[in-house]
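Engineer: As they're listed, the protein sequences go chains A and B.
Under my numbering, the first residue of the first sequence is numbered 1, with each subsequent residue one higher.
Under my numbering, the first residue of the second sequence is numbered 1001, with each subsequent residue one higher.
Rather than coming from a laboratory, the hints here were simulated on the basis of the structure.
Do not take every clue at face value.
[Unchecked claim] Within a straight-line C-alpha distance of at most 20 Å, the following computed SDA-like cross-link-like pairs (lysine to any residue) qualify:
no., chain 1, residue 1, chain 2, residue 2
1, A, K131, B, E1053
2, A, K401, B, S1081
3, B, K1095, A, T224
4, A, K400, B, K1205
5, A, K400, B, E1192
6, A, K285, A, R320
7, A, K401, B, D1186
8, B, K1061, A, K244
9, A, K91, B, D1101
10, B, K1205, B, E1053
11, B, K1205, B, K1108
12, B, K1133, A, L53
13, B, K1061, A, E288
14, B, K1061, A, L53
15, A, K179, B, P1187
16, A, K244, B, S1081
17, B, K1108, A, G422
18, B, K1061, A, V267
[As the list claims (entries may be wrong)] Derived contacts from chain B toward chain A, CB cut-off under 7 Å, selection only:
no., residue
19, T1145
20, S1146
21, M1150
22, L1185
23, H1189
24, E1191
25, E1192
26, A1193
Remember, it's a predicted structure, so these values are computed and weren't measured experimentally.
The beta carbon of each residue, even a glycine, is placed where N, CA and C say it ideally should be.
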Amino acid sequence: MRRLWFVILFAAGVVLFPAAGSAILYIDINSPGGRRMPIALPSFITVAGDPALAADIPKVLAADLGMTALFEVIPSEAYLEKVLPAHFAGKPLSFPDWKLIGAEAVVIGRVEARGDQVTVEMRLYDSTLGKLMAGRRYSGPARHYRLIGHKFANEVLYAFTGVRGIFDTEIAFSARPGKGRSKEVYVVGLDGQDPRPVTNNRSFNLFPRWSPDGNTLAYTSFRTGVPVVYLRNLRDGKERALVKFGNTKSPGCFSQGGESLYVSVSVNGNSDIYRVRVSDGAVEKAVEGWGIEVSPSLSPDGKKIAFVSNRSGSPQVYVRDLAASSGERRISHAGGYSSSPSWSPVGDRIAFTSQSAGNFSLYTVNADGSDQRLLASGDGDCTDPSYSPDGRYVVYSFQKKGYSELRIISADGRSGKRLYSGFSDAGSPAWSPRR
Amino acid sequence: MGKWRAWKYCAVILGVMMIFAFGCAKKQAVKSTDTAATESAPSSVSAVEKAPEGVVSETLKPEASAAETMSSRPAGTQMASAAEAAAGVSATEEKSSLFQDIHFDFDKSLIRDDAKPILASVSDYLKKNQGVKLLVEGHCDERGTSEYNMALGDRRAESARKYLVSLGVPAAVLSTVSFGEEKPLDPGHNEEAWAKNRRAHFVAK
């Protein structure tokens, strides 16, 4: 009896403990449209190396924080105090000078680059209290300077909201790099700068999907002349073929633990959804029907799957309980052609694309088909939504008469931005998991 | 044991546990700053002084350059043979055909009446020229989603294949591939271009 109590209390202590240190919340992240926190991002100090980094990293922070619609960056012309190296060696900032221009928070930083290595120290102060809210010193390859900015943007968001940011996540997509027809897979950060190629084989490379640990991309390639699903490890560049059976194949999503890949494969002209074990390629059927079944997207608990089927005569989005032997519910009621569901990693919302009045628009809907809402539309086609790992944003493809760009919109549809527009036919964006 | 005594007993343990938890937390926080500060000074970065209190250090691990190239691939990558790589590039190119394309309605894979004479001529040719193998390519227009179109193109190719088999072409000489919306014949963005791009294309092998 006593021992049992001890075990229960110990468990309670462990569970309760993380809450003990939580900070005061300055911003309620769930009330968008509220007051934005004014923040100052003065240029960083260069101790050694290229001074361009000292200007670029605050820009990364500004773009990230701007995306949240929770912060307002005060223009640098207003700043009264010049940040000095001494501010990193014990000299306090003149907080009244920052308060005077309305800055309730200040980020200062110093950059030290030697060879291809860079060390960046950043500090976030509450200028009302004159208190250090977060301080980090990052060391790593200089080419990762944007990642360093993103990581500290996460710290800033966390300090003021208690919610972890996703600014160091990435988007994989496929696009045509040149005038030829080939499509390659790319990965780009949330600032949309310098997408890096994952494939370069001048064939069709399509439908990139992230493993839950963010280390592997599954994608379809025609690199040998016929479609095969490959797994590419982005850490070491190693790759292997996983799905070779059948004709057409498109990876949809990994299982929660990354043990299996849900993929649509057509066999004798009939496309169904299969679960393929990553370790040995063992195949099980997950969803079947006489029609076209494609585009699987798993619920966060892994128990349900959203997919597209044309069994009603046109493509529509359905949800199936994976444990049940039957019972598939149609959840798209926007009208015509509806496709490419993306299940939010948090909660029960599903985003999908649907055609109305000629163009494709994005909608979100509850997993039971209720409360369908318009998320994004325009004078072109909005397709292929993919939720951010915190469920707060959706990346999608916008195409209009051959022009294409990737866009990000907040999940409530209030604010959006262009992510990337450098390639033609940019599509199938997939948001990485958290880093 | 009385109820009261049990509750008091629990409260004392909870108290002890919380002290223990806070104690641990403090120790851990200090420790992480210290270790991190020493970790942050790799040999390549000199003159990094100890991080001040409240500043946590983190070292970023460089990521392997992930992109393959045609000439050199990262160690461990399964090399496609030169022939395979060429086949991969070739897959993106429009192949000439002895036959006219057959066309489909939007989001449909039914063989239309205007396709039947073309399929009859394909069938006649294959019956007369034994040994010729035919690849049936299925294509879609750019509208709709690319994954769905990949499967729809497959249905179109399969419809054509089945129709040819029904005309007496041996199944063994026919194979199919879908390129979905990836390989438009006409790069335009209007109904005229779309109508041309919703097609099955026949390539003799």
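Engineer: Take the C-alpha atoms of K401/A and D1186/B, compute the straight-line distance between them, and say whether it is at most 20 Å.
Structural biologist: Holds, at about 13 Å.
Engineer: Check whether the Cα positions of K400/A and E1192/B lie no farther apart than 20 Å.
Structural biologist: Holds. K400/A to E1192/B sits at ~16 Å (cutoff 20 Å).
Engineer: Should the interface hint for L1185/B be scored as holding, given a Cβ-Cβ cut-off of 7 Å against chain A?
Structural biologist: 11 Å, violated
Engineer: Checking one constraint from the list: CA of K1108/B to CA of G422/A, max 20 Å. Satisfied?
Structural biologist: The hint is violated at about 33 Å.
Engineer: E1191/B was flagged as interface toward chain A. Is the shortest Cβ-Cβ separation under 7 Å?
Structural biologist: Cβ of E1191/B sits 11 Å from chain A, so the hint is violated.
Engineer: With chain A as the partner, please determine if E1192/B meets the hint condition of a C-beta pair closer than 7 Å.
Structural biologist: 13 Å, violated
Engineer: Is the hinted pair K1061/B and K244/A satisfied, with a Cα-Cα distance of at most 20 Å?
Structural biologist: 34 Å, violated
Engineer: Double-check H1189/B for me: the hint is only fine if its C-beta lies closer than 7 Å to a C-beta in chain A.
Structural biologist: 4 Å, holds
Engineer: Straight-line Cα separation of K179/A and P1187/B no greater than 20 Å?
Structural biologist: 11 Å, holds
Engineer: What's the verdict on K244/A and S1081/B, does the C-alpha distance respect the 20 Å limit or exceed it?
Structural biologist: 17 Å, holds
Engineer: Can T1145/B be said to touch chain A, with a Cβ gap under 7 Å?
Structural biologist: Cβ of T1145/B sits 4 Å from chain A, so the hint holds.
Engineer: Hint check: K400/A vs K1205/B, CA-CA at most 20 Å. Holds or violated?
Structural biologist: Judged against 20 Å, a Cα distance of about 37 Å means the pair is violated.
Checked against the numbered hints above, the structure breaks hints 2, 4, 8, 9, 10, 11, 12, 13, 17, 18, 22, 24, 25 and 26 and satisfies the rest.
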